[in-house]
Amino acid sequence: MKAAAVDYVRPRTLAEAVDLLAHASVEAQVIAGGQSLLALMNLRVASPRLLIDIARLPELLEIVDHADAVVLGACVTHAAIEDGRVPDPSLGLMPRAAATLAYRAIRTRGTIGGSLALADPAAEWPAVLAALDAEVVLYGASGRRSLKCAEFTTGIFQTKLAQSEIIEGARIPKLSADARCGYVKLARKSGEFASALAVVVADPRRGYSRVVSGAANGAPLVLEGTSRLVGEDGRDPEALRNALGGDLDRASDRHFDEFQRSLHMVAAIRAVQQVLA
Amino acid sequence: MTAINLQINGAAVADDVPPRLSLADFLRERRNLTGTHLGCEHGVCGACTVLVDGAPARSCLMLAVACDERAVETIEGFASDPVIAALRRAFHQHHALQCGYCTPAMLITARDLILRKRAGSEREIRTGLAGNICRCTGYTNIVTAIAEAAKEIGKEAPNAQ
Numbered sequence: 001m002k003a004a005a006v007d008y009v010r011p012r013t014l015a016e017a018v019d020l021l022a023h024a025s026v027e028a029q030v031i032a033g034g035q036s037l038l039a040l041m042n043l044r045v046a047s048p049r050l051l052i053d054i055a056r057l058p059e060l061l062e063i064v065d066h067a068d069a070v071v072l073g074a075c076v077t078h079a080a081i082e083d084g085r086v087p088d089p090s091l092g093l094m095p096r097a098a099a100t101l102a103y104r105a106i107r108t109r110g111t112i113g114g115s116l117a118l119a120d121p122a123a124e125w126p127a128v129l130a131a132l133d134a135e136v137v138l139y140g141a142s143g144r145r146s147l148k149c150a151e152f153t154t155g156i157f158q159t160k161l162a163q164s165e166i167i168e169g170a171r172i173p174k175l176s177a178d179a180r181c182g183y184v185k186l187a188r189k190s191g192e193f194a195s196a197l198a199v200v201v202a203d204p205r206r207g208y209s210r211v212v213s214g215a216a217n218g219a220p221l222v223l224e225g226t227s228r229l230v231g232e233d234g235r236d237p238e239a240l241r242n243a244l245g246g247d248l249d250r251a252s253d254r255h256f257d258e259f260q261r262s263l264h265m266v267a268a269i270r271a272v273q274q275v276l277a
Numbered sequence: 001m002t003a004i005n006l007q008i009n010g011a012a013v014a015d016d017v018p019p020r021l022s023l024a025d026f027l028r029e030r031r032n033l034t035g036t037h038l039g040c041e042h043g044v045c046g047a048c049t050v051l052v053d054g055a056p057a058r059s060c061l062m063l064a065v066a067c068d069e070r071a072v073e074t075i076e077g078f079a080s081d082p083v084i085a086a087l088r089r090a091f092h093q094h095h096a097l098q099c100g101y102c103t104p105a106m107l108i109t110a111r112d113l114i115l116r117k118r119a120g121s122e123r124e125i126r127t128g129l130a131g132n133i134c135r136c137t138g139y140t141n142i143v144t145a146i147a148e149a150a151k152e153i154g155k156e157a158p159n160a161q
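Sequence order for the protein chains is A and B.
Per the numbering used here, numbering through the first sequence is continuous, rising by one, with the last residue being 277.
Per the numbering used here, numbering through the second sequence is continuous, rising by one, with the last residue being 161.
Think of the hints as simulated: they come from the structure by calculation, not from any bench.
As the structure is a computational prediction, the values presented were derived from the model and not from experiment.
Even for Gly, the Cβ is constructed at its ideal location relative to N, Cα and C.
A couple of the hints might just be wrong.
Unchecked claim - DSS-like, lysine-lysine: derived pairs with alpha carbons at most 30 Å apart: (1) B:K117 <-> A:K189; (2) A:K2 <-> A:K189; (3) B:K117 <-> B:K151; (4) A:K148 <-> A:K174; (5) A:K174 <-> B:K151; (6) A:K160 <-> A:K148.
Stated by the list, open to error - Covered by chain B, according to a simulated footprint, are these stretches of chain A (three or more residues, beta-carbon under 8 Å): (7) 172-180; (8) 218-224.
Unchecked claim - Computed Cβ-Cβ distance ranges for the label pairs, DEER-style: (9) B:E76 <-> A:D249: 34 to 44 Å; (10) B:D53 <-> A:K160: 27 to 37 Å; (11) A:S262 <-> B:N5: 52 to 62 Å; (12) A:Q273 <-> B:D53: 38 to 48 Å; (13) B:T34 <-> A:A4: 20 to 30 Å; (14) A:H66 <-> B:H92: 49 to 59 Å; (15) B:G100 <-> A:L147: 19 to 29 Å; (16) A:R145 <-> B:D53: 40 to 50 Å; (17) B:S121 <-> A:L43: 53 to 63 Å; (18) B:G154 <-> A:L147: 39 to 49 Å.
Could you build the full structure based on these sequences and the hints that come with them?
Rendered as structure tokens:
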């Protein structure tokens, strides 16, 4: 199908984009890579009246390599992360995850900010950035604010992004040199959305460990008990199964069926094994 | 209508387009470049893959207006490209197409895999082709053809990027 009629504007600055968004008299939608939005528009699931194209805003393409973190502009593409064309704070976790995200022809246009803003429950970045304890930086009419990624995503396609705010970028803490990461995506076909996603980050030098399940019928699910176990370098397979089982059972609001629960168990066990190996 | 200026297959093009027009429809209906095919129009089938600023992209998931000041290459622009030439020969030899609907995008995707050195094994090729659907061949001959073209190109220019 074809998208419905729409107006289009390409502002020169982020401030101008926010102003357009705040003062639009019709339903306005920010577009970056458009790899989800244009599919939804072609299917007429979304029919915004005004598109504000932010893909080339210099502020959103900025990359800052701090001593303790890397800030990636919202319009950095998945392919740039996959190829290592931007600094990697995650010892290879982010490039690895990027390479599993959809297909190359999608990754060359799709952006990290777009993925966070859409908050598809099965998407890679919300889960990976939550596991890395990253922050999302938001820019709006009332200024700039930062939120932990793990709190920014609130549900299925739901975030704390306000009506007239635009994601400016993500601030990702740098892992210590001896940190370990695990990443497992279960999908029936390469490039499909995940049926289950597990991300593990263990950084003992910073006293940090986190295990996150993605494609978890909601926002990325932080597995607290399992995170603690990984932090204690627990290597007993039975203890790992029990911790995971307990975490998944406590998430009763996710309503996992038996098959989904099993997929999440398998993904998380394999991802933790990568860290302990 | 919005005015756009872009490069298509190396030539400067200026046009006025309605914002909702996809790059694919722009290429096919306004520029008569019908080698770019439309299958699903939501990014899944890969038939509409072209190069935008040198990188493969879904022309159904890009607006023509967003291609202002960008360079687009379609299958028609690869007549004298050595990698496409090698792929064309290999596709012919190994019967890597039947109806041909997916073929232009298969060639563009395969060229990108070879140039990025992601066509070194059957697994790599199959993973790289996951976003291009073929309903005729069962992929076996396509994978064989790409592997052969990759080998040939590798031999000619072992350090080609």
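| query | Which numbered hints turn out to be false for this structure? | reply | Checked against the structure, the hints that fail are numbers 5, 7, 8, 9, 15, 16 and 17, while the rest are satisfied.
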